[in-house]
Every structure is written in structure tokens, then in C-alpha cells.
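Respectively, the protein sequence lines represent chains A and B.
Residue numbers for the first sequence follow this note's numbering, beginning at 1 and rising by one.
Residue numbers for the second sequence follow this note's numbering, beginning at 1 and rising by one.
Treat the hints with care, as some may be off.
What the hints assert, rightly or not - Dumping the calculated SDA-like pairs for lysine to any residue here, alpha-carbon to alpha-carbon at most 20 Å:
no. : chain 1 : residue 1 : chain 2 : residue 2
1   : A       : K57       : B       : D194
2   : B       : K180      : A       : T54
3   : A       : K57       : B       : K604
4   : B       : K676      : B       : S618
Claimed, not checked - Chain B stretches covered by chain A per the calculated footprint, using a threshold of three residues with CB under 8 Å from any CB of chain A:
no. : segment
5   : 167 to 179
6   : 394 to 401
7   : 488 to 495
Keep in mind that the hints were calculated from the coordinates and are not lab data.
Since the structure is predicted, the reported quantities are computational estimates derived from the model, not experimental observations.
Think of the CB as a built atom: it goes at the ideal place given N, C-alpha and C, for glycine as much as any other residue.
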Amino acid sequence: MSKEQEENVKEKGLPEESIEITDEITRDLVKEILELERDNLYVNRANLKEQIATLVKTKVR
Amino acid sequence: MKLKKMILHNFRQFYGKQEIDLETSKDSNVVVIHGENGSGKTTILEAFSWCLYGKMDLAQSQNILNEKIFNDLPQGMSSDAKVVLLFEDRHKEYLITRSVQVKNVAGKQYHTPQDQTFEIMRDGIVIDSPKTTVDKILSKELKKYFFFDGERIDKLAKPENAKDIEDGIKNIMGIAVYEKGIKHLKEAKKILADELKNIIPEGEVSPYEEEDEIIKELDEYKIKLKNNIKRKEDKIAEKEKVSEELKSVEELERDEKLKIEKENALEEYNTSYQKLIEKEKSLISKEAYLAISSDLIFEMNNFLEEKREKGELPSGIREQFIQDLIDRGTCICGTSLVEGDVHVDHLKNLLHKTVKKSVEDGFLRLSAFTDKVSNVEKSFKEKLTELYGQKDTLLGKIEKVTAELSDIKTEMKKKAEGSSSAELIAKRESIEETIEELTEKIGSYKGKIEELQSAHEAIKRAIEQHQTQNRQVQIAEKRIELCQQAIYQMEDIYEQLTNKVREKLSDKVSKVFTTIIPGKHAKINHNFELEITKEVNGSMKKTPTSTGENQVASLAFISSLVNLAKEWDEGGNSNVFTGAGTYPVVMDSPFGALDDTNRDLISKYVQSLAPQVIVFVSTSQWSKEVENNLKPYIQHEYILQYHNPNQEKFKASQKSITIDGITYDLSVQDDYEFTKVVKVK
Chain A
1 MSKEQEENVK
11 EKGLPEESIE
21 ITDEITRDLV
31 KEILELERDN
41 LYVNRANLKE
51 QIATLVKTKV
61 R
Chain B
1 MKLKKMILHN
11 FRQFYGKQEI
21 DLETSKDSNV
31 VVIHGENGSG
41 KTTILEAFSW
51 CLYGKMDLAQ
61 SQNILNEKIF
71 NDLPQGMSSD
81 AKVVLLFEDR
91 HKEYLITRSV
101 QVKNVAGKQY
111 HTPQDQTFEI
121 MRDGIVIDSP
131 KTTVDKILSK
141 ELKKYFFFDG
151 ERIDKLAKPE
161 NAKDIEDGIK
171 NIMGIAVYEK
181 GIKHLKEAKK
191 ILADELKNII
201 PEGEVSPYEE
211 EDEIIKELDE
221 YKIKLKNNIK
231 RKEDKIAEKE
241 KVSEELKSVE
251 ELERDEKLKI
261 EKENALEEYN
271 TSYQKLIEKE
281 KSLISKEAYL
291 AISSDLIFEM
301 NNFLEEKREK
311 GELPSGIREQ
321 FIQDLIDRGT
331 CICGTSLVEG
341 DVHVDHLKNL
351 LHKTVKKSVE
361 DGFLRLSAFT
371 DKVSNVEKSF
381 KEKLTELYGQ
391 KDTLLGKIEK
401 VTAELSDIKT
411 EMKKKAEGSS
421 SAELIAKRES
431 IEETIEELTE
441 KIGSYKGKIE
451 ELQSAHEAIK
461 RAIEQHQTQN
471 RQVQIAEKRI
481 ELCQQAIYQM
491 EDIYEQLTNK
501 VREKLSDKVS
511 KVFTTIIPGK
521 HAKINHNFEL
531 EITKEVNGSM
541 KKTPTSTGEN
551 QVASLAFISS
561 LVNLAKEWDE
571 GGNSNVFTGA
581 GTYPVVMDSP
591 FGALDDTNRD
601 LISKYVQSLA
611 PQVIVFVSTS
621 QWSKEVENNL
631 KPYIQHEYIL
641 QYHNPNQEKF
651 KASQKSITID
661 GITYDLSVQD
671 DYEFTKVVKV
681 K
């Protein structure tokens, strides 16, 4: 752990490992959301937001 | 979607089973259905809608069952109306059947959505989700662009309907997916934000701040403890020093006592010694002369003994002794002494030979004296020897004590130098008080430190928990951040895609419009308005538009939409553009509001509108030009023959149409009212 990370851990309480949101993660998410939306485009399912939230959770955990 | 066949079964005015073959070929892609007003053109248009979605936009839409069938239906009895649609989509054949059981309730058609049955077979197999399947093939949102009333299509070209243009673009091109995705993603973001709120309650103090406070306090107390321990150690050292000093004083006192003791002892020894000297003097004075005359007395004793042994000195003992032996009758040797015996006689002779008693006593007294003198000499010497021994002992003690006293005095002198004992004691007491205070403080500090350490341990656990919590917080925040980034990305794509599609469609619209109406241009502007312009002095300017021009622009838009969807579908982009696909265009009265010129122009273009075009036309719209323009592309041609029991009405509406030299009655008198689909071609 770098000094800066140590300081972060100490001062800001941030965890040791930082989670980076890369363009690849974002692209994958967008792609999967679009697939989900396409599959459900004409299906009146109120739980799409929950499904997307779950999808986001699988990307950052 | 390629329409193949429609079967109407007791549906509205279509009595019995009526079939319309809709299948077209690439070159002959047009189906024309002729019918006068009220014959059922719009009903067929709405039959598509009812079959696909269960709804239709017709007057008295509750009356689905054919009137003749219903009128024959006894009260409380039911009968079915049905529409079957056969079509192909992406190389799969779909057979959709929707029917409804209509009951005669007090002469009125009664049915509920539950009375409807809806079934889809795909390649001969019934599928589980008919509604979703229909939506995927042709959603309700899209339907209005392909199944429409031509007389009202011009409305699309009006600015207030720009939203329809925009929606059409978005829905057909699947851009709506992005729109919905963004909407749902924003909602998901809110869910995640709410989750974040639940992780850390508002106003909660960070345990790190608490830890910092504790560590700070702990450090302070540790310093205090250290300082006080050091102070205590210093005080203890100081006390030891004072005690040492005090010890010296105490030793002085003890030396003093010892000195006194020694002095007393010395005095006692000296007194004893003096007594011994006195005793010696007395002994010598009383008994020393005997010791001096001891030799003379010895010589006298020897002289007297010699006399006595010679018998020259009477012995009172012998006379008495002899008499005692005679009296007792036994000699000291055990010989019996009996009167008259020799022994007794001999003893009696001895008695006669004894000296006088006074002489003997004198001798005895002298002997006693000489013996006594001899004993006195012996005693004197012994006593004197003892005295000398005692004197020697005492002298040794005196000498020792004197030396000790001397040492004590020297030591005392040395020790007496320095502070006084009282001061030292006070000082030591003060130090002891300080030490006591420091001990209390140290104890207190230790207690406080233990308390703080305990609190620190607790806060460490809280920090661990907080770190875990923080991890969750960070994850939650990152999830929200990811949502936001995805939203930005999707919005960006959405905007780019929308503009790309709009521009592409605009180009197509312009091309189609100019083909139909040369000299004028149409485009889809940034506000998704169909804009008709004309070149004036080298620049394109908006011009006032006629209904015909608006209708042409609208058809051009629909045509462009259909063709772009087809292009992208054929280009394998259906995964990207969900609306990409092949769509038919089903138009009721497409030439209704057009003047002759525009009608002719449009009729030239109808076959290009879509891969499959179904048009419903009345005889008034079916001009020679229109017929000539469409003829080469017609695959099927039907007439809707209206059967009418009312003779007067029949006479009034009696019309016919001649197709390929054959005349067909469009209105026929019959026993009851219904429409018959008559195939012409």
C-alpha cells in the first residue's frame, strides 16, 4: 500500500483497494443494459430498474 | 413482417368466413382493395389492429360480432367473431388468431377482455408469450406508421406532430432502447443512491475522528504518566538521599545511645574493677599473713604428729574409741569382743595406758589450729587467683569499651556534620507526600490510560466495521458513478444515433419528396419537424404547404422510415437498431385528400413506399392514372361488395368497378347487410 493509500485509509477511511470505473466496464454495462432493454422493449416489466441495479452491482463489488 | 393472409370470421360486417390473400412478390408488392365508403375498408385496417393488439379504433367497437349472426343469436347465447392473420417475419411464419365470444345480453353485444382468446403459432407451434412476440415484431407504437388512414397522414407534416416524427424515428430505429435504458438506469441509480443512504446514516461521526481524539488523549496521559513516573522516581531517589542523610542522624542518635551504653558499661566495669581491688586488698590484709607463716605451721604439725605417733601426746579418741569397741562387743575387724576374752582384756589394758584428758584436748586444739592455718593459706591463694582473673577480664572489657567509645565519638563527630535531623525528617515527609500524590496520579493516569486503551480497542473495532462499511460505501458510490458514466455514454450515443438517423431519414425524405414533387424539398429538421422548402434566389426557404404536399411529405417520411429499417435489417443491424426490419404499409384511402396532380404523383410512388403495400381505395380515388401507375405492381386485387337489404339505399349507393374489363358490383341487394370480399386478381 502506498503512502497515499495509507493516508487515505487513515484519514478518509477509504479501503485499501480502490475500485476503478474503467471505460471497458462502462461499455460492458451499456451493452448489457441495451440487451436487457431490447429483450424487454415491449414487455411491461416494472422491475427493469432493479435488474439494471443488479447488473451494476455485478460490475462493482 | 410480410403479410400473407387475413381471414375474417363473422367480424363486424364480414359475414361468415372471408379470406384476403395478402402475399406479394418483390416486383408485385401491391394489394389493392376496392370499396366504397362504409363497405369495410377501415374495418379491415382495424382488423389488423384488433388481431394484433386486441383493440381497434372504430365506432361501436363493442360490436365485433357480425350483425346478422348476432341478430340470429338468442338472448343469453354467445357466438364467436375471429380474425386470423398469417404473416412472415425474419423467415418464420406466424399465424395469429384472435377471437372473442360475444353474448347477446338484452339485444346488445356483451364481451369482456377475458372473453377474448389470443394465440400465436410460429412455424406451426403455439408459443407461450403471444403478446410479447407481437410487440417484438410490430409494436403498438410502430403500428401507426404502417397501418394508417391516408386521409389523415398529412398531419405528420404539421409542426405540432413533430413528436410523432421523433417517436417514429426512435421507435423504428430502436433508439427508444437507449431512451428507456437511460430512464431505467437513472431509476437504478436512485435505487443505489438510496442503498448508499442506508449504509451510512446522516450525521454519523467518523470513527477515525473519534480515534484521533482518543489517541491524542491517550498520548497526553502517557506523557503525563511517564513524567509522573519519572518525578516519582526522582522523588524516591531524593527520599532515599534524605533517608540516607536521616539515617546518618539516626545513627548518630544510635551512636549516642551506644556511647552512653558503653560509657555506662565502662563505668560499671571500672566500679567492678575497683571493687575487685578492694576485695584484693581485704583478702591480702586478712589472709596474707597465714600464707607467709605457712612453713612454720607445717613444721609444728609434723612435730605434733610425731609426738602423737609416739604416744607422747594423749589421744582422747583412743580411750573413748576403745571403750566404745568394748561396749559394742565387736571389733572393727569383726572379731567378737566378749567379756573375759583375751581381746577384751587387751583393750582394757590399753585403756589403762591412756593420758589425761586435758593434755589430750590441748593437743587436739593445737592440731586443729595447725590444720586451720593450712586451709587458710590454700583458700587465700585460690581467692587471690580468682580475683586476678576477674580483674583481667574486667580490664579487657574496659579496654574494649574504651576503644569502642573512642570510635563512637569519632564517628559521631563525623556524622554530626550536615543538616539537622528535624529538617531532614520534614523534607522526607514532604517528599513522601509528593510521592504519595504522584502515586495517586500515576494510578489515576494508568486507570485513565487503561480506560482510553479500552476505548481505543473499541474504536478500532468500530474502524474495522467502518472500513467494512466504507468499503460498502465506496462500492455503493462507485456503482452510482458507474451508473452516471453509463448514463453519459448512453445519452451521448442516443444523441448521436438520433441525429444520425434523423439526418439519414431526412436525406431519404428529401429524395422521395423531390421525386414526387419536383422543385420542392422536404427534410426533417433538428426539431424533428417535416419541413418543406423551396429554393428561392439560391437559398432554401420554408414555403406555405398544401394538404397534398403535407401528405406527400408524410408518406415520404413513412417510406423513408420503412426503407431505412429494411436497409438496416438487411445490413444485419437489427441487434443495434431494434426497429430494423421489413414492414408493410397498409393505407386506407391514400389518395383521399389529394388533388389529381398529387394523386397521380403519389400513385407512381406507392409501390416504392414499402416492400409490401396494401391500399384501400374507393372508386372516386381510383382514377385511370392511379390504376395505370399501380397496375404493374398489383399482386392481388379485391373488391368489398356491400350487401344491402334496403332497396332504396341500395339504389342510392349502387356502384360498380371495372377491372381488367370485368365489371364488379360494389353494392348488392340482399336479405341482410354484410360485406363480401370478392377476389378480382
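Status of each hint after checking the structure:
For the hint linking A:K57 to B:D194, the alpha-carbon distance of about 14 Å falls within 20 Å, and the restraint holds. Between the alpha carbons of B:K180 and A:T54 the distance comes to roughly 17 Å, so the proposed pair stays at or under 20 Å and holds. Of the supplied pair hints, the one linking A:K57 and B:K604 is violated, its CA atoms being roughly 56 Å apart against a limit of 20 Å. The suggested pairing of B:K676 with B:S618 holds, with an alpha-carbon distance near 16 Å, which does not exceed 20 Å.
Note: the segment 167 to 179 of chain B has 4 residues with beta-carbon separation from chain A under 8 Å; the three-residue rule is met and the coverage holds. Coverage of a stretch by a chain is defined here by at least three residues with a beta carbon nearer than 8 Å to that chain's beta carbons; for the segment 394 to 401 of chain B and chain A the count is 0, and the condition is violated. Figure legend: the segment 488 to 495 of chain B, annotated as covered by chain A; annotation consistent (3 residues with Cβ-Cβ distances under 8 Å, at least 3 required).
Of the numbered hints stated above, those contradicted by the structure are hints 3, 6, listed in ascending order.
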